[in-house]
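**Student:** The residues making up each chain are set out below.
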Amino acid sequence: MIETGIPKLDDFLGGGVPKGKSLVYYIQPGVEGEVFGMQTIFNTLKCNGTGVFIVSSTSPDTTRGQFKEFGWDIDMFKDRLFFVDAYNPLIGAPSNEKYVVLNPDNIENFNKVITDVIKELPPSTIVFGSLSTIMDLCGEKETIEAVKNWNKLAILYNHIIVYNFTAWPYSQETLDLLKKEMFNAVISIGGIAERVLFGQYFGILKSDWAKETKKSMLFRVLRPGGIKLFIPKILVTGPFDAGKSTFVHALSTRAISVDRLGTTIALDHGHVEYKGFSADVFGTPSQERFDPIIKLISGESMGIFLVVDSTNPTDFVRAKQMLEITKSYGLPFVVVANKQDLPGAMTPEDIKMQFNLPNDVPIVPASAKDKKGVFEAFEVLINKITGGI
Amino acid sequence: MPHVIDMVDKILADLKKVGGVEACAAATRDGLLIRALMQQEQFAESFAAMSATMLGAAETATSELGKGIPNRVIVESDHGRLIAVGAGPKALLMVLVNSNTGLGLILLELEKSAAKLKEIMI
Ligand SMILES: Nc1nc2c(ncn2[C@@H]2O[C@H](COP(=O)(O)OP(=O)(O)O)[C@@H](O)[C@H]2O)c(=O)[nH]1
Ligand SMILES: [Mg+2]
Chain D
36 MIETGIPKLD DFLGGGVPKG KSLVYYIQPG VEGEVFGMQT IFNTLKCNGT
86 GVFIVSSTSP DTTRGQFKEF GWDIDMFKDR LFFVDAYNPL IGAPSNEKYV
136 VLNPDNIENF NKVITDVIKE LPPSTIVFGS LSTIMDLCGE KETIEAVKNW
186 NKLAILYNHI IVYNFTAWPY SQETLDLLKK EMFNAVISIG GIAERVLFGQ
236 YFGILKSDWA KETKKSMLFR VLRPGGIKLF IPKILVTGPF DAGKSTFVHA
286 LSTRAISVDR LGTTIALDHG HVEYKGFSAD VFGTPSQERF DPIIKLISGE
336 SMGIFLVVDS TNPTDFVRAK QMLEITKSYG LPFVVVANKQ DLPGAMTPED
386 IKMQFNLPND VPIVPASAKD KKGVFEAFEV LINKITGGI
Chain L
4 MPHVIDMVDK ILADLKKVGG VEACAAATRD GLLIRALMQQ EQFAESFAAM
54 SATMLGAAET ATSELGKGIP NRVIVESDHG RLIAVGAGPK ALLMVLVNSN
104 TGLGLILLEL EKSAAKLKEI MI
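Protein chains in written order, with this note's numbering: chain D, 36 to 424; chain L, 4 to 125.
Simulated from the structure, these hints should not be mistaken for lab results. Some clues are possibly wrong.
[As the list claims (entries may be wrong)] Some chain L residues well away from chain D (every beta-carbon gap over 12 Å; in silico):
| hint | residue |
| --- | --- |
| 1 | K19 |
| 2 | R32 |
| 3 | Q43 |
| 4 | E44 |
| 5 | S49 |
| 6 | A55 |
| 7 | E67 |
| 8 | N101 |
| 9 | G105 |
[As the list claims (entries may be wrong)] Computed spacing ranges between beta-carbons, pair by pair:
| hint | chain 1 | residue 1 | chain 2 | residue 2 | range |
| --- | --- | --- | --- | --- | --- |
| 10 | L | K93 | D | K246 | 51 to 61 Å |
| 11 | D | G106 | L | G69 | 33 to 43 Å |
| 12 | D | K54 | L | G69 | 41 to 51 Å |
| 13 | L | G69 | D | E308 | 42 to 52 Å |
| 14 | D | E411 | L | D17 | 34 to 44 Å |
| 15 | L | K93 | D | E308 | 35 to 45 Å |
Cβ atoms here follow ideal geometry from the backbone N, Cα and C, with glycine treated the same way.
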């Protein structure tokens, strides 16, 4: 097993990547995914392994600089890190690397160099900096055939072979092959649908050696630092007595509230772990005198639960106002129609009408007191935030 | 029999006389203003709510850490100090103090006032 060094990913993969296996980082365009391959190779070097980096979209020296930006001192491992230069020849520049693909737009030439690498070097972590670039230069079909061959050779010579692949609009057939057939493992790397800047996630689409996992994690890329997980913040707001604090506690594995005389005067805070997804939830106070606190708490949240008391439509005005205070317009939000257990509770449809909400706002019936509907609401919101992981 | 509000007024008036005290107020634990003696009256209500938030959050923080309930919260800025103390389960008391007076006497008086407020709020 070789660890990728990417937090949580090794856990998801049952410890790492076994020798002989191939893995693709399947990257949605616009997402910072190349770092996955880099972090993987650096971790191999750190663990005394040998690494091969095939560069196609930047020169080896530029790539060395990128490693440094992440704070990864590759000079220490000079004798165990090999670059395959498939870039300099493309721009007509000379190359100082041991392995050079003289005609990077010729798959035969590529094939020869990679085959040499696979046969000559001890069991290594071989990382393709950009498979999509090779595909653009050499053609989809041609590249696919070559990759299949490399993956087989990797088994014979006990390498681990890793590809960064940016899923530009290639033919559906190509994308399907990549996602479903060609590799032992597929890690999908995507961006949050609504606000790309907000977050990126990775998750396992496929892995033929680890138990099926549907887990995904949000991450940020730090320079220095590389891939760091982060726990998204989710806000729970809504009018007085709607059941926000009760909701936070029902959802959380652990939670605290700063309540006095039956009302929240500072905040509720809870931590949620559900189906492999974690989040920190923050509940706000509700009375107007706490509006400054509500504003303070709501910064940087990625999604909102708007909890309303389904028996109390007079509160809906305040509920909308609270959306404004929390500046949450434009953020994904879910209305939690709470207290459904009470007689006279309005249905989600009635609430949508009364509230005058756009059609696409999900309203989830719940009874937070009995922990009913809370995880349904959580799932709906997470799907809205991630665009369905 | 004097009204509770009158009693609160008396407590605040006494407190205000202590050297260095610029303003003082009493609030319920859930942040509703009971009474304030301050020049900028328009801020009294949010002053009450925010003080309740501060004290409540501080109490939760220290008690979560197993360190018990704090005796008071003191906030210092270049222009003065704000002190909030609990006055029983229902009320709290806060004072604004200028930046150049020692706190010794003030804390002592605040303690006494809080004890009185606690009694009359029960
Ligand atoms: N019947 C019923 N009562 C609820 C429900 N959720 C919360 N409550 C009650 O509503 C009151 C206010 O709840 P709380 O969570 O403090 O509301 P918050 O002010 O929005 O934080 C409490 O008495 C709760 O027990 C529910 O689903 N059904
Ligand atoms: Mg609450």
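**Student:** Are the hints correct? Go through all of them and say.
**Tutor:** Checked hints:
1. Here K19 of chain L stays apart from chain D, with its beta-carbon at least about 23 Å from theirs, past the 12 Å limit.
2. At roughly 4 Å from the closest C-beta of chain D, the C-beta of R32 of chain L falls inside 12 Å, breaking its exclusion from the interface.
3. Separation of Q43 of chain L from chain D is adequate, the least Cβ-Cβ distance of about 16 Å exceeding the 12 Å criterion.
4. The claim that E44 of chain L is not at the interface with chain D holds, since no C-beta of that chain comes within 12 Å of its own (minimum 15 Å).
5. Not every beta carbon of chain D lies more than 12 Å from that of S49 of chain L, the smallest distance being close to 6 Å; the non-interface claim is violated.
6. Consistency note on A55 of chain L: stated as away from chain D, yet its beta-carbon is not over 12 Å from all of that chain's, at 5 Å minimum.
7. The non-interface label for E67 of chain L is inconsistent with chain D: the shortest C-beta to C-beta separation is roughly 6 Å, within 12 Å.
8. Every CB of chain D lies more than 12 Å from the CB of N101 of chain L, the least distance being 24 Å, so the non-interface label holds.
9. The beta carbon of G105 of chain L sits about 30 Å from the closest Cβ of chain D, which is more than 12 Å, so the claim that it is off the interface holds.
10. Against the hinted window of 51 to 61 Å, the Cβ-Cβ separation of K93 of chain L and K246 of chain D comes to about 55 Å, which satisfies the hint.
11. Look at G106 of chain D against G69 of chain L: about 37 Å separates their beta carbons, and that is inside 33 to 43 Å.
12. Between K54 of chain D and G69 of chain L the C-beta distance comes to about 49 Å, which sits within the given range of 41 to 51 Å.
13. For the hinted restraint 42 to 52 Å between G69 of chain L and E308 of chain D, the CB-CB distance of approximately 24 Å leaves it violated.
14. Taking 34 to 44 Å as the suggested C-beta distance range, the pair E411 of chain D and D17 of chain L does not conform, at roughly 56 Å.
15. As the Cβ distance of K93 of chain L to E308 of chain D is approximately 37 Å, the hint placing it in 35 to 45 Å holds.
The structure shown violates the earlier hints numbered 2, 5, 6, 7, 13 and 14.
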